[in-house]
Amino acid sequence: MICIDIEKKIKTYQGQQVLKVSGEFTTGGITKIHGPSGTGKTTFLKIVAGFIEPEKGNIIVNNSIWLNTASKISLSPQKRMAGFVFQDYALFPNMTVKEHLEYATADDAWIKHLLEIGKLETLATHKPLYLSGGQQQRLAILRALATKPQLLLMDEPFSALDPENKTALISELKLVFKELGTTVFMVSHNPQELEELAAGSVNSSALFIDN
Amino acid sequence: MPLVLPPSVLGFYLLLAFSPQHGVGKWLQQVFNIQFVFSFQGLVLASVIYSMPFMLGPIKSALQQLPVSLSQASYSLGKSRWQTFIRVLLPNIKPSLLTAVVLTFAHTLGEFGVVLMIGGNIPNVTRVASIAVYDSVEQMDYHAANVYSFILFAITFVLVTAVFIFNKYQLKSPLE
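For the record, the sequence lines run as chains A and B. Letter by letter, the first sequence follows residues 1300 to 1510 in the numbering used here. Letter by letter, the second sequence follows residues 92 to 267 in the numbering used here.
Everything labelled a hint here was simulated from the structure, so no lab data went into it. You may find that some hints are simply not true.
[Claimed, not checked] Sample of chain B residues lacking proximity to chain A, with all beta carbon distances greater than 10 Å (derived):
no., residue
1, L107
2, P149
3, V179
4, S221
5, Y225
6, A235
7, K259
[Stated by the list, open to error] Okay, the calculated beta carbon distance ranges per label pair:
no., chain 1, residue 1, chain 2, residue 2, range
8, B, F176, A, S1363, 36 to 46 Å
9, A, I1359, B, L181, 34 to 44 Å
10, B, P158, A, I1469, 18 to 28 Å
11, B, V159, A, S1363, 25 to 35 Å
[Unchecked claim] Computed cross-link-like contacts, SDA-like style, restricted to lysine to any residue with a CA-CA straight-line distance of at most 20 Å:
no., chain 1, residue 1, chain 2, residue 2
12, B, K185, A, E1398
13, A, K1426, B, S162
14, B, K185, A, M1394
15, A, K1378, B, S160
16, A, K1397, B, K259
17, B, K259, A, L1428
18, A, K1426, B, S160
19, A, K1447, B, S171
20, A, K1378, B, K259
21, A, K1378, B, F176
22, A, K1397, B, K151
23, B, K151, A, P1392
24, A, K1378, B, N183
25, B, K185, A, P1392
26, A, K1426, B, N183
Just so we're clear, the structure is a prediction, and the values are computed from it rather than from any experiment. Idealized CB from N, CA, C, for every residue including glycine.
Pulled out of the complex, with its shape left as it was, chain B reads as follows (with noise of 0.2 Å):
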């Protein structure tokens, strides 16, 4: 769901969810006085849900690429499905691994709605890049807006290219 949801519906159904007044919100409160709305940990919780799909998608599609007989040969040595995913599978679908995390994580650098709504606008405590962007523009700062979009797009950027120079080493044959 949080895949095909616009991210203000996710993040406004966060922000009930997690609400100190009610439910798993007053629960969170009372028990382990942790308040998710408004807070740095909640905006980087929320970010977690919101992104999660961007990087389980990829994984799982490396996973379902890889021969079968690879599981059935850790296991026909005595190997449990989770040593299996482990020691054999995991490291095998490593440019997979690498790519679904640093775009994820590129994807919630410029998160924007989910953001907001759980997060709100506190300036050093929940005001992220993206949003300093159009709080920006909103006062006519087109300055900052500039810098503030620069170092999203450079970030990115170089992330990005990083990926793509470092699939491009991993897939290449040593015998070329």
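Looking at chain A on its own, in the form it has when it is part of the complex (with noise of 0.2 Å):
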């Protein structure tokens, strides 16, 4: 189970507001957040992995607790090991498609799986320069998920994908969440988008109230 409480301000194109996010995920469980830009769906991912620090709040993953402002606990980023799929993507332009992967697990099996999965396995000796928007998008995930972490963060990670591409990679992915039990949250601009994946949903418009 993951219990998330947490308060932020942040500006928004309307002034500056209070995200508010409130909720129990339950483990293994994909929730897609979806709403306007600018409402807060990419800080709060960055909130749960450790990159932001809420003003007020509580995070608890799988009883552990990465956040709890009132006793002043903070995991770090690199304690936390939240999966996080980029919305630019963050490819290491010094880095191969497999050096990407090697950085992140010592298992190769693992990566030749994930180099499977993202059908990457003929560009492993690419760079992200020589790789499509879609073929780094792939890539993107599959880094976030060689740690094989427990909570996944995907910040609008299909969105460079064709039609094709994206329903084969959405069913290899199922199966992974499904083998590592990880709990995801994934952000979207669409709500029609990625129905097939997700179990719940949240509107990120309906995160806020006024400061």
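Fit the two chains together into the complex; they arrive one by one in their own frames, and the hints show the way.
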């Protein structure tokens, strides 16, 4: 079980607002977060990952306290090790596809399996500059999965994929999530997108209260 | 401070600091038997202190231009700040790093004020090319001054051209 109850002041196009998220999420579940731009979807993911500190709140992941502002507990991103798929992919320009995965894990069999899932075996020695947008996005997803995270945070993870690749990748990912028991938070602009993947759904425009 | 201080002022303070008569200089002399004043190693140390900002400025600026998500991605994989710096950040500022190294080296090669202050003008010990140019002109030996100046000019020209070509090649898109 993942329990989240956080408050963070953020600046939006409507002025300063408070991002409030409160909820309990089943381990192994996939939750889709949708809503218009600037409503705090990415900020929410970054708070969970430990990149941004909220003013108030608790995050408990599988009985482990990641954040408790009252007790001044805040695990570093390195200790949380939440898999993160960035909207801009954040691939390392100096590393090849395989090196990205080797940087994250020493498990060669797992790396091989990930390359198969992402259909990137033939591109293993290529650097991100030589990959298409879709291939880069798939690599970003594979890298986030390389550490076998208990929590995976995905920011617009399929935006650059063509429908065929997207469907194939989603069905593979479903199996991986099930195998690893990974809990997933997935941000998307489009509420209709990913219906086949996500069980739960949160509309980010409902996350705010006025300051 | 080394960036804005006149080189002779910086050199003067370093001369005082490393003087074997007192303070740090005395301690270095007694404990390690090292003398930085009027020695080649002192000249190198003073040049490093003087040129450090010329090196750090471009590197800091290049690091700031990298997207913050690169570090965050590395942290989320459990990597420490140091691992992230060595494996992710540093390799991705290679052109800036090389430019900074070469330009700082070329700049140091021609340094005059600091070197003269702390190293003096001792033949075969601390007389560097830039001081030799000055010395030759003082002695009205324009031929020697010309030779020294040309050597400095040639080295600097080759270094700067090499960096320019390297960076042009590095920044070129592979699809071009």
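Hint check:
1. Distance check on L107(B): its Cβ is at least 45 Å (rounded) from any Cβ of chain A, clearing the 10 Å threshold; non-interface status holds.
2. Every C-beta of chain A lies more than 10 Å from that of P149(B), the closest at about 18 Å, which supports listing it as non-interface.
3. Consistency note on V179(B): stated as away from chain A, yet its beta-carbon is not over 10 Å from all of that chain's, at 5 Å minimum.
4. The claim that S221(B) lies off the interface holds: its Cβ sits roughly 37 Å from the closest Cβ of chain A, which is beyond the 10 Å cut-off.
5. With 10 Å as the threshold on Cβ separation, the claim that Y225(B) sits away from chain A holds: the shortest Cβ distance comes to roughly 44 Å.
6. At the 10 Å boundary, the C-beta of A235(B) stays outside the reach of chain A, the nearest C-beta of that chain being 47 Å off.
7. With a cut of 10 Å on Cβ distances, K259(B) stays outside the contact zone with chain A, its closest approach being about 16 Å.
8. Between F176(B) and S1363(A), the C-beta spacing of about 28 Å breaks the proposed range 36 to 46 Å.
9. At roughly 36 Å, the beta-carbon separation of I1359(A) and L181(B) lies within the given 34 to 44 Å, and the hint holds.
10. For the hinted restraint 18 to 28 Å between P158(B) and I1469(A), the CB-CB distance of approximately 27 Å keeps it satisfied.
11. The supplied range of 25 to 35 Å is met by V159(B) and S1363(A), whose beta-carbon atoms lie about 26 Å from each other.
12. For the suggested pair K185(B) and E1398(A), the alpha carbons sit about 18 Å apart, so the restraint of at most 20 Å is met.
13. The hinted pair formed by K1426(A) and S162(B) meets the criterion: a straight-line CA distance of about 18 Å does not exceed 20 Å.
14. Restraint check: the Cα-Cα separation between K185(B) and M1394(A) comes to about 13 Å, which is no more than 20 Å; the hinted pair holds.
15. Among the hinted pairs, K1378(A) with S160(B) is consistent with the structure: their alpha-carbon atoms are about 17 Å apart, no more than 20 Å.
16. Between K1397(A) and K259(B) the alpha-carbon distance is near 27 Å, which puts this suggested pair outside the 20 Å criterion.
17. For the proposed pair K259(B) and L1428(A), the alpha carbon gap of about 16 Å is at most 20 Å, so the pair holds.
18. The hinted pair formed by K1426(A) and S160(B) meets the criterion: a straight-line CA distance of about 18 Å does not exceed 20 Å.
19. At roughly 18 Å between alpha-carbon atoms, K1447(A) and S171(B) fall within 20 Å of each other, so this suggested pair holds.
20. Distance check on the hinted pair: K1378(A) and K259(B) sit about 40 Å apart at the alpha-carbon level, beyond 20 Å; violated.
21. Using a Cα cut-off of 20 Å, the hinted pair K1378(A) and F176(B) holds, with the two alpha carbons roughly 18 Å apart.
22. Annotation: proposed proximity of K1397(A) to K151(B) is violated, straight-line Cα distance about 29 Å (limit 20 Å).
23. Under the criterion of a C-alpha separation no larger than 20 Å, the hint pairing K151(B) with P1392(A) is consistent with the structure, at around 19 Å.
24. Distance check on the hinted pair: K1378(A) and N183(B) sit about 25 Å apart at the alpha-carbon level, beyond 20 Å; violated.
25. At roughly 11 Å between alpha-carbon atoms, K185(B) and P1392(A) fall within 20 Å of each other, so this suggested pair holds.
26. Note on K1426(A) and N183(B): the hinted pairing holds, with a Cα-Cα distance of about 12 Å set against a maximum of 20 Å.
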